Every structure is written in structure tokens, then in C-alpha cells.
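**Q** Okay, here's what each chain looks like letter by letter:
4 protein chains.
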Amino acid sequence: MTYTTKTFNLPELSGLSAKQIKVHLGLYAGYVKHVNLIPEKIAQLAKENKLENQYLIHELRRRFGFEFNGMRMHEYYFEQFENEATERNANSALEKATTEKYGNGENFIAHIREVAGSRGIGWVVVYADPRANTIHTVFVNDHEVGQLAGLPVLLALDMWEHAFMVDYVPSEKASYIDAFFANLNWQTIEARFENTLQS
Amino acid sequence: MTYTTKTFNLPELSGLSAKQIKVHLGLYAGYVKHVNLIPEKIAQLAKENKLENQYLIHELRRRFGFEFNGMRMHEYYFEQFENEATERNANSALEKATTEKYGNGENFIAHIREVAGSRGIGWVVVYADPRANTIHTVFVNDHEVGQLAGLPVLLALDMWEHAFMVDYVPSEKASYIDAFFANLNWQTIEARFENTLQS
Amino acid sequence: MTYTTKTFNLPELSGLSAKQIKVHLGLYAGYVKHVNLIPEKIAQLAKENKLENQYLIHELRRRFGFEFNGMRMHEYYFEQFENEATERNANSALEKATTEKYGNGENFIAHIREVAGSRGIGWVVVYADPRANTIHTVFVNDHEVGQLAGLPVLLALDMWEHAFMVDYVPSEKASYIDAFFANLNWQTIEARFENTLQS
Amino acid sequence: MTYTTKTFNLPELSGLSAKQIKVHLGLYAGYVKHVNLIPEKIAQLAKENKLENQYLIHELRRRFGFEFNGMRMHEYYFEQFENEATERNANSALEKATTEKYGNGENFIAHIREVAGSRGIGWVVVYADPRANTIHTVFVNDHEVGQLAGLPVLLALDMWEHAFMVDYVPSEKASYIDAFFANLNWQTIEARFENTLQS
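Chains as they are written, first to last, in numbering that gives the first Met the number 0: chain W, 0 to 198; chain A, 0 to 198; chain E, 0 to 198; chain X, 0 to 198.
So that you can see chain W by itself, here it is in the shape it has in the complex (with noise of 0.2 Å):
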């Protein structure tokens, strides 16, 4: 089993220079391989059957979550900006969880936004909780310190400085944030939490 650099239907988009997002789709495609190299090099040293070969094989395998989560977090933040930004749909399932958990989805988007302000770098993941019917918005350090277990991911804003300092520097976080969203396709977001109700 192989993973492939996905290529993202990207429009051109507000606030992102074409420079930024090629540098950053270069780091996604560093990912991938590395997704790719883990299990591959488990294989052969297990394959050479020397017990001593067994401690390189855990040390490999404890990175793997790192490049998994930057494979797969880069995959839900790039897919979020495919073919056009759309508003919030008013009468979706997920504007009524957001509501019911943030007062309405003006304060869902502001909640994002403050938790943005963590400091260090990682991401911004909000997540539906299907046993406790409820959205989590949480931020996770590099890409594997906090991802909360099991829980499907609806939304992910990237909060590394290589996210937006080919256009911003950090003390101008906020307007890579307003770029982030003036982006954002919706209609993805919704669908992802869609698909967390049929389970």
C-alpha cells in the first residue's frame, strides 16, 4: 500500500501567494514520501531478522504519526480551499452543531480564531465527536501532540510559521488567518460533518 501526492484543485486564492502555496505543497509532497519510507524500512530491517534491528524498528515507527498527521492534515487544509470559497450554509447540520455549542457560527469562526492564538506552532483542529454529539476545537503542536483519538476532523487551520511567512511575518498572523477563511469552501467542511452523522 502506497500513498500518492494528492494535487488540489485550487483556484486562485486572496491573501496566499502562488509562491506560498507552492513552497507549501512541496513540504505536503516531503510527507508523503516520508508516509511511504516508514513502513518500508521497517520492512527490510525486519526482514534482516536480527533482534538488534528491533529497537530501530520501534524508534521508526514512533515518527510515523508525524508524518501521517503531515500527510493527512495537509490533505484536509488544502482540500478545503478546492474550487471556490463558499459562505456558511445556514441550513446545514454543521451551522446547528456550531451553533448549539458556540451561541451561532459567527462565534464558531471567532472561537477558531482564538485558538489560533496558541503559541507555538501546529495546527487548529476542530473535531466532531459522534458518541458525545459534540465539536471539539483544540490546538495540536507540531502535527501528532494532541490529536484527540478517534475523532473524525472537520476542519483544519495550519499554524506553522512555513503556513504563511513566504507572505507574512508571525506578528501578522491574524491577516494570514482572514486569508485562511476568506478562502475557505464550506461546503467541504459541511460535508465532512455530513458524513460523521451516517456512522
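Everything labelled a hint here was simulated from the structure, so no lab data went into it. Hints are not guaranteed to be accurate.
[As the list claims (entries may be wrong)] Here chain A is said to cover these stretches of chain X; the calculated rule only asks that three of the stretch's residues, wherever they fall, bring their Cβ under 8 Å from a Cβ of chain A:
(1) 32-45
(2) 51-60
[Unchecked claim] Cβ-Cβ distance ranges computed for the label pairs, FRET-style:
(3) GLY102(A) / GLU99(W): 41 to 51 Å
(4) GLU105(X) / ARG130(E): 26 to 36 Å
(5) ASN48(W) / GLU99(A): 51 to 61 Å
(6) THR98(A) / SER13(E): 31 to 41 Å
(7) GLN53(E) / PRO129(X): 26 to 36 Å
(8) ASN103(X) / GLY102(A): 27 to 37 Å
(9) GLY102(W) / LEU50(A): 49 to 59 Å
(10) GLN53(E) / GLY102(W): 44 to 54 Å
(11) ASN103(X) / THR98(A): 47 to 57 Å
(12) ALA17(A) / GLU99(W): 49 to 59 Å
(13) ALA181(X) / GLY102(A): 35 to 45 Å
(14) GLU171(A) / MET0(W): 48 to 58 Å
(15) ASP177(E) / SER16(X): 52 to 62 Å
(16) MET0(X) / MET0(E): 32 to 42 Å
[What the hints assert, rightly or not] Partner residues are not named here, just some residues of chain A that face chain W (Cβ under 7 Å, in silico):
(17) ALA109
(18) ARG112
(19) VAL137
(20) VAL152
(21) VAL165
Note that the structure is predicted; figures quoted are calculated from it, not measured. Positions of the beta carbon are idealized from the N, C-alpha and C atoms, including for glycine.
On the provided structure of chain W, position chains A, E and X as indicated by the hints.
**A** The following block gives chains A, E and X in isolation, referenced to the frame of chain W:
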């Protein structure tokens, strides 16, 4: 929204004493308590409406993944022992998928044991990746370091020292893992996998 | 350069059984072994001179902090019990510094106990910061998450579950900490602090 | 005790723009601010004397390593550029120690470059281990994951994206590292090592 401490319908377990399970369930209850405490504290701090509370809020929220996963992973763990131990169903979709990935069902179990030999404390977690029609088995440090983003959890093996040290010392980990597999209700795990195929 | 497993001149300890100490020293020996294994494996992989080994080397080295600190922190820990428990010296430089920071020596101990109440597993570590003429007491997750960069270690209290679970269950942590302080040779800790004043 | 934002006596640097340095120093100031904020907030919360504040205090303190190291590592970093770049002193104790470990001084630099190729963001850190008369070079994730406990820092190379992305994109990391070495005042690093020999 408040999470409640679940009661698990546990049979008498082989190789895991009643005291071990009682201690472990007590720790589980602590996670549920703190999962509820974090949003409550954040709401209090937000209501005070002081700019300087922002940092406290962010740092409390950063810890949510530890507590949430501490709760949820233990739920996955104890659910697997509910009702009674059952054999693997050779005709299940899970058996088909694990055979494809690991050669056969016995190899799958051997693989989990191998991953459980990773140094440090945490969990062996088996996930489905429905996007790629495959299965991943990783070692998660603590509760929240290295969880695979967005993937449903199929099987959870607790490798914290508290999971076995009432009954075993660390050099007897293999006996603990024997006990884990002896008590496993595979129907629960097979049903989790079935569930990922429907969405 | 090879690290060797140290032998500690431990008296009979109060509140910590011989079995507890034996299990704990066994784990310490595992860290020493792996501290030596990592550079050895890296050297082997580097000698093969394959570009593709680079990633393995990096991921092995990333784990060095876990193993090295697992070794060194346990050395700090057991050295503190060597020879015999002694009272705090009211005229020591340490007593002066802790009084300045925490009010008095008893408050210092109360502070360590408070920090030890942090959730999760790891260490309470007291450091000197010679650049700022002060002392810091923090909780380090696992062995390697949150160590203060470049600061000499004065006192190390092991809060991994293996440090006490032969003798106590997690809800009895307070008794374990009682035992820790009952067995402490404060001369060792005072000498560590003296040493930071000379450089 | 309050930490103050240091001013560094920086010459004009080659390969690192004035804007890059200004942005970077701005981030450094943020760490100093938060190093002071954490104990201040903890003191406030402790004064309220509510049992329920304990958890907030613990979670704030858990983050101290991130902020403290964010401050201290940047101090190590910028100090290395103070005054002016100098060549390595072939007669220094450091040269002797690095030759013993890495073959010769050039190999030492090549080794740092190799470690800098580790994936993710963080620091290459060179430490002395006075207990074992040796040197270790590791990659620290973020600021606080994998720091070697108790060891004095000799050299710090910032591999966060903010350290270079004003001037370079991530695929040009090698040019940033060239600039780092071109601007290094080796006397500072040699003096740090000398200092570890005296205690």
C-alpha cells in the same frame, strides 16, 4: 455537554486481578473528571473577560488532548473486555483486512505484541484508514503523542505501567499482554471495523 | 565512549521495599544500555554510507534525549539516597537560596510536593539558574519533555508509576513522596548547589 | 525575580538580513515576557487559595520549559553572533574535545549540519557532559522536547522556520546554515566549553 464515567460490563478476567481493574478504573474516572473540568474552567476564565486570561485559557486547552484521550482510550480498552472473551471470526471483514496487511490473523496479533515492546509508556493503537483502505498499528506515547489524525480506533492496548503493575513488574510485560489477549472480545473490535466501512 | 551502569551505595530505605528498588534499578540499567546502543547503531548505519540511512539515523538520534535522561535522571535520583538520610543544613547556600525563593526550607519541600501533584508521569526537577541567581522547580513529562535547557539539576523526584507501584497504588502517591523525603541525603543536594556557585 | 530582554551586540551579519534578525528578536522578547508571566500568574492563582486552582497552576507550570527554553536558547543563539565572527581556535580545549569525538573540527561542523537535516522544527544543540568527559549533539523538537538533563549548552542552532523564512524558503535551509556558520564567533563557544571544565 458533560461526559459521564461509564460502567463496563466486565466478566471475571483471567490474569488481571480485581484490584488491578479497580485501580485502573479509578484512574479512568480521573480523566473523565478533567475532561469536564477544562471547558468549565475555560468558560469561567473567559467570562472574567480579562485579556491576561487568554494565556491561561490556551494552556488549559493545550492539555485537553491528554485528558480527552485518557478518557476515550480507556473506554476503548475496557469495552474490549465487556461481556466475554470471544475468538476471532475468520469470516469477518477485519480478518480479511488484517490478513491483507499482515499475512494472517495470527501475524496481526504477533505484530501488536511487537509494537507493544516499544520503550516508554503509552498505547498500542490499531486504526483503520478508510481513505486508503488500510490498517495502521502504532505506539502512542502517553495518551496524546502520535495519535493518527482523524482515524477511527479499532483496538487499544494500554501500556502505561498502571495498567499492569498491580499484578506484574515491568519485566513481566509479556504476561500482561497474554492476559490482554486472553480476555479480548473480538466481536467488539470486529464491529468497530465494520462501522468504518459504512461511512 | 561508553556509559556504565553505576552501583549506588544505598542504605536500607524506609517506605521503599527492596523489591521496589531492585525493579527500579533494573529499569535504570535498560536506559544505560540504550544510551550506548544509539550511537553504536548510528555509527553502523553511517558506515554503510547509504543516503537512505540518513532518516534512520535522525530518528534514532531524536530518541537520545529520552534514553540519556532516563539514565541520568535515575542517577540523580538514586545518588540522593546514598550513604544515609540527613537533615537539611540550615546554614547551607541551598537553604539560603530556597528561603529567598520559597520563604523557608519547609515551604520548599511543600512546593516540591505540590508540583509532584501534576497529572501524568515524569519527574519533579529542581534546577539552579546561575545566570539569574535563582531556582526553578518544574514537572518534566516522561524523561525529556520540558527539561530546562542548560541548567544544572539539584533534585530529582521520580513520578513515573514504576517508581512506586511495587509498594503503592497511584492513589497512595503521597506515601511514596513521604518515603522519598524520609530517605533523602540533603548533603548530596546541597553539594550539587554549591557546585553551581563555583563556575 | 524578573528576567529581562537582553540586547545583543550584533555586527552586520552576512546572509541574514536586518529584517530577519528584527523579526527573530521580536519573537525572543515574547518568550521573555511569558517566562515572567507564568510565575506571576501562578502566584495570583495560589493567593486565591482555591483548591480548584491547582489544576490551572500545574498546567501553566508544565508550559514553563517551552517559554524558558524559548528565551534561553535564543540567548545562546544570538550571543554566538555578538562582536564579530571568528575562526575556530585550533588550540582550544573545544577543538581538542571535538577532535576526539568527531575526528577533527571540520567533521564537527559537518556533523552539526547533518543533525540540522532532521525533519521537523527545533534546535541543533551541542552539550558538554562533564560527568563523562564527552560532547553530545542532538536535535531538540520545539524548544523543550529532548533537551539533555543538566548538561551545559555549548552551541545552539535554531531550526525553527521563523529563524530563516524572512530570507529563505525551507528548501534553502542549507544556505541559512551557511550563514549561521559564517557569522559564528567561535570564541564564545570555546569559552562556554572552558567554563564547563572548571566546575
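**Q** Hints first: check each against the structure and report whether it holds.
**A** Quick rundown of the hints versus the structure:
With 3 residues having a Cβ less than 8 Å from any Cβ of chain A, the region 32-45 of chain X passes the three-residue criterion, so the hint holds. Counting residues of the region 51-60 of chain X whose beta carbon lies closer than 8 Å to any beta carbon of chain A gives 5, which reaches the threshold of three, so the coverage claim holds. Distance hint check for GLY102(A) and GLU99(W): the Cβ-Cβ separation is about 47 Å, which falls inside the suggested range of 41 to 51 Å. Between GLU105(X) and ARG130(E) the Cβ separation comes to about 31 Å, which falls inside the hinted range of 26 to 36 Å.
The hinted range of 51 to 61 Å is not satisfied by ASN48(W) and GLU99(A), whose Cβ atoms lie roughly 23 Å apart. Between THR98(A) and SER13(E) the C-beta distance comes to about 56 Å, which lies outside the given range of 31 to 41 Å. For GLN53(E) and PRO129(X), the Cβ-Cβ distance of about 30 Å falls inside the hinted range of 26 to 36 Å, so the restraint holds. At about 49 Å, the beta-carbon gap between ASN103(X) and GLY102(A) misses the expected band of 27 to 37 Å.
Roughly 21 Å separates the CB atoms of GLY102(W) and LEU50(A), a value that falls outside the hinted 49 to 59 Å. Hint check: GLN53(E) to GLY102(W), Cβ distance near 50 Å, so the stated range 44 to 54 Å holds. Our hint of 47 to 57 Å for ASN103(X) and THR98(A) holds, since their Cβ atoms are close to 54 Å apart. Distance hint for ALA17(A) and GLU99(W): a CB-CB separation of about 41 Å, inconsistent with the stated range 49 to 59 Å.
The hinted range of 35 to 45 Å is not satisfied by ALA181(X) and GLY102(A), whose Cβ atoms lie roughly 54 Å apart. In this structure the hint that GLU171(A) and MET0(W) lie 48 to 58 Å apart at CB is violated, the actual value being about 35 Å. Evaluation of the 52 to 62 Å hint for ASP177(E) and SER16(X) yields a pass: the beta carbon distance comes to about 58 Å. The given range of 32 to 42 Å is respected by MET0(X) and MET0(E), whose C-beta atoms sit roughly 37 Å from each other.
A least Cβ separation of about 11 Å between ALA109(A) and chain W goes past the 7 Å threshold, and the interface hint is therefore violated. Of the supplied interface hints, the one on ARG112(A) is violated, with its beta-carbon coming no nearer than about 12 Å to a beta-carbon of chain W, more than 7 Å. Taking 7 Å as the C-beta contact cut-off toward chain W, the hint placing VAL137(A) at the interface holds, the least distance being around 5 Å. Using the Cβ-Cβ criterion of 7 Å, the hint placing VAL152(A) at the interface with chain W is satisfied: the shortest such distance is roughly 4 Å.
Given the 7 Å rule on beta carbons, the hint for VAL165(A) is violated: about 24 Å separates it from the nearest Cβ of chain W.
The structure does not agree with the numbered hints 5, 6, 8, 9, 12, 13, 14, 17, 18 and 21 stated previously, though it agrees with the rest.
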